[in-house]
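Number of protein chains: 2
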Amino acid sequence: MRIAQIAPLHEAVPPKLYGGTERVVSYLTEELVALGHQVTLFASGDSVTSARLHAAWPRSLRLDPNIRDVIAPHMLMLEEVRRQAEEFDVLHFHLDYWPFSTFSRQQVPFVTTLHGRLDLPELQSLFNAFRSVPVVSISNAQRLALPQARFVATVPHGVPERSLASRPPATRTYLAFLGRMAPEKGPDRAIRIARACGIPLKIAAKVDKADQLYFDAVIRPMLDSPGVEMIGEIGERDKPAFLSGAVALLMPIEWPEPFGLVMIEAMSHGTPVIVFNRGSAPEVIEDGLTGFIVEDEAAAIAAVTGLDQLDHGAVRARFEQRFTARRMAEDYLATYLALAPDKRPLTRHRCGSSRAHILERTRGSA
Amino acid sequence: MRIAQIAPLHEAVPPKLYGGTERVVSYLTEELVALGHQVTLFASGDSVTSARLHAAWPRSLRLDPNIRDVIAPHMLMLEEVRRQAEEFDVLHFHLDYWPFSTFSRQQVPFVTTLHGRLDLPELQSLFNAFRSVPVVSISNAQRLALPQARFVATVPHGVPERSLASRPPATRTYLAFLGRMAPEKGPDRAIRIARACGIPLKIAAKVDKADQLYFDAVIRPMLDSPGVEMIGEIGERDKPAFLSGAVALLMPIEWPEPFGLVMIEAMSHGTPVIVFNRGSAPEVIEDGLTGFIVEDEAAAIAAVTGLDQLDHGAVRARFEQRFTARRMAEDYLATYLALAPDKRPLTRHRCGSSRAHILERTRGSA
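Residue numbers (the numbering used here), protein chains in the order written: chain A, 3 to 368; chain B, 3 to 368.
The reader is advised that the hints may include incorrect statements.
As the list claims (entries may be wrong) - Heads up, incomplete: computed chain B residues facing chain A, CB under 7 Å, no partners named:
hint: 1; residue: P67
hint: 2; residue: N68
hint: 3; residue: I69
hint: 4; residue: D71
hint: 5; residue: E81
hint: 6; residue: S103
hint: 7; residue: P123
hint: 8; residue: E124
hint: 9; residue: S127
hint: 10; residue: A131
hint: 11; residue: S134
hint: 12; residue: V135
As the list claims (entries may be wrong) - The list that follows gives simulated cross-link-like pairs (lysine-lysine, DSSO-like), each with its CA atoms no further than 30 Å apart:
hint: 13; chain 1: B; residue 1: K18; chain 2: B; residue 2: K241
hint: 14; chain 1: A; residue 1: K18; chain 2: A; residue 2: K208
hint: 15; chain 1: A; residue 1: K241; chain 2: A; residue 2: K208
hint: 16; chain 1: B; residue 1: K208; chain 2: A; residue 2: K208
hint: 17; chain 1: A; residue 1: K241; chain 2: A; residue 2: K18
hint: 18; chain 1: B; residue 1: K241; chain 2: A; residue 2: K211
hint: 19; chain 1: A; residue 1: K204; chain 2: A; residue 2: K18
hint: 20; chain 1: B; residue 1: K345; chain 2: B; residue 2: K204
hint: 21; chain 1: B; residue 1: K211; chain 2: A; residue 2: K211
To be verified - Only part of the chain A face toward chain B is listed, based on derived beta-carbon distances under 8 Å:
hint: 22; residue: R70
hint: 23; residue: V135
hint: 24; residue: P136
Derived from the structure by calculation, the hints contain no laboratory data.
We put the CB at the ideal spot given by N, CA and C, even for glycine.
Throw the hints in and build the complete structure from the sequences for me.
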């Protein structure tokens with residue numbers, strides 16, 4: 003298929019450091035290319051991709067000090083996509099509701115993955131007005147707030163499979179916290195849980211401007227606790243060592259997590275996850291198999307003592323079965339084909355039998 | 003004509019306190035109704051208008067603590083306008099470039115007044131992409147940054163004429179500063195100018211969150227100076243007394259002011275304006291007649307000593323000739339008719355001869 007991926011411009015695709023949406027778009031784009039599709043990626047010019055890159059803005063907005071109005075570059079990109087729309091079989095947006103008004107009035111099939119939380123009150127009337135626009139949720143829990151929206155699929159995220167064979171078996175010595183330094187992510191709870199268990203905690207987290215007050219008032223005083231180590235924001239290169247050295251990842255979240263990419267990243271390294279039962283948690287983690295789903299701090303502390311029961315190989319195996327980027331790409335292909343069924347015969351582009359097989363399989367699993 | 007006015011949702015129309023764009027939309031809407039047109043105002047539900055109000059959001063966003071995403075309500079409003087577009091002869095947007103992509107692909111004539119500064123680098127490529135979309139500037143100076151845009155008119159702002167007869171002649175005893183407490187507006191320069199002249203200064207200004215640091219560090223220490231009085235943010239009710247009691251309004255601006263509504267408000271009270279030669283200043287103030295245009299603080303101080311030469315009655319007269327809301331409405335009507343020339347015969351709606359006359363006159367002055 004001729005597929006357009008339209009990413010946010012805030013971060014490069016993939017992002018240099020933090021940036022969940024742009025990273026998922028990167029994984030998806032690379033897999034679609036690997037599957038033989040003709041993909042154009044609309045993204046910032048510092049993106050790196052094996053697809054055709056349409057640089058909708060020279061560099062990612064977060065790194066561009068001249069940018070005051072981050073909406074203008076996105077509006078320009080939407081217009082550029084609109085003008086080229088007929089060159090694609092399907093348009094896949096990752097820009098919330100921004101494309102709805104313009105693209106619901108043209109003929110090329112389009113779909114939008116909703117990457118954020120959907121329980122904001124201002125989204126209610128907006129989605130009342132756009133009931134017929136096809137959208138994809140990243141968990142079933144995420145959908146609950148917007149029953150009026152036209153969800154055509156839930157496509158859980160995936161990350162690249164990558165062989166683990168080259169790495170030595172990890173010595174797992176600490177609990178890990180990885181994410182934004184925000185109250186809803188619960189770094190304070192993670193510190194209390196680790197201290198109660200007497201196990202060291204390593205915190206890899208970025209501090210956003212919006213969270214600086216919280217960090218200074220709540221977290222910084224707790225960093226003096228014995229066994230608590232703050233290692234700052236880490237990139238993709240440092241994640242494997244960080245995650246594979248942990249006995250478990252702690253996710254003491256207090257918000258409706260739409261997906262929680264870090265959970266499957268931990269699983270990809272055989273690392274189980276202890277997660278509060280919020281949002282997507284029970285759709286991602288299988289209690290007693292790939293981690294533990296708990297209701298509060300006390301239960302999380304109890305869960306840590308049960309980590310011995312879990313098998314790291316089984317955690318990795320479930321990751322391979324459920325959360326690879328390849329599986330995500332196949333799910334999306336099935337979604338595209340459902341929206342653009344006339345593209346199914348695959349006559350438009352050369353393709354080997356393996357790709358036809360994949361598409362057939364995708365179709366079956368949709 | 004059947005006219006849609008589409009206002010920002012940040013403030014009510016008119017705003018309760020500060021909010022230039024929404025206030026201008028209010029003046030324009032009321033005048034168009036008074037001229038016999040059928041006007042629908044798309045605005046927040048706490049707006050007050052004699053037009054038909056389409057409440058695109060229950061209340062103005064600045065006063066709604068539940069709103070996190072201010073873009074969603076605007077996107078919803080744009081969609082609602084799009085669905086009703088055929089019910090209007092012309093659509094008049096006050097939402098920057100936001101309507102361009104959707105409305106350049108439908109048939110009803112539309113025009114956008116650009117209320118802000120246009121010299122942001124991110125606007126260049128955006129307006130390269132939308133060269134054919136008709137826009138209105140509020141001064142000729144404002145246009146300079148975007149020569150590629152399709153400016154169909156410059157329509158200077160206007161404010162209601164209102165009789166001055168009922169007010170006693172003002173005793174003018176101080177210099178006035180009215181606006182945002184921001185470095186580019188120059189409250190620090192105003193204080194130095196007033197002190198050098200030995201004339202009291204009254205400051206009516208709001209302090210935005212973004213300007214709090216500047217206020218605390220630069221302005222607050224200067225407020226102890228003798229003769230300097232800070233009276234806070236004032237509403238429409240307090241403005242006449244504030245402006246008509248001043249010997250002059252000080253506008254020591256250091257930015258490309260797109261228009262500067264407060265200048266014509268001062269003029270409407272016969273109050274001259276001493277303004278730095280930036281942006282729209284020489285298009286609004288006539289040097290030696292309605293005020294003085296100066297290059298720096300030293301020249302502003304010299305200008306204060308020349309205020310005796312100016313005649314308050316002449317200042318008011320020039321206001322009546324050039325900057326009433328009625329004149330603004332007539333300018334816009336001429337613009338609408340140029341975009342929708344088939345609406346000229348006025349057969350669609352009942353109208354008396356006076357309205358036909360007005361339209362004819364507008365046509366001549368366009």
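| field | Hint check, failures only | value | Of the numbered hints given earlier, those the structure breaks are 1, 11, 12, 16, 18, 20, 23, 24, listed in rising order.
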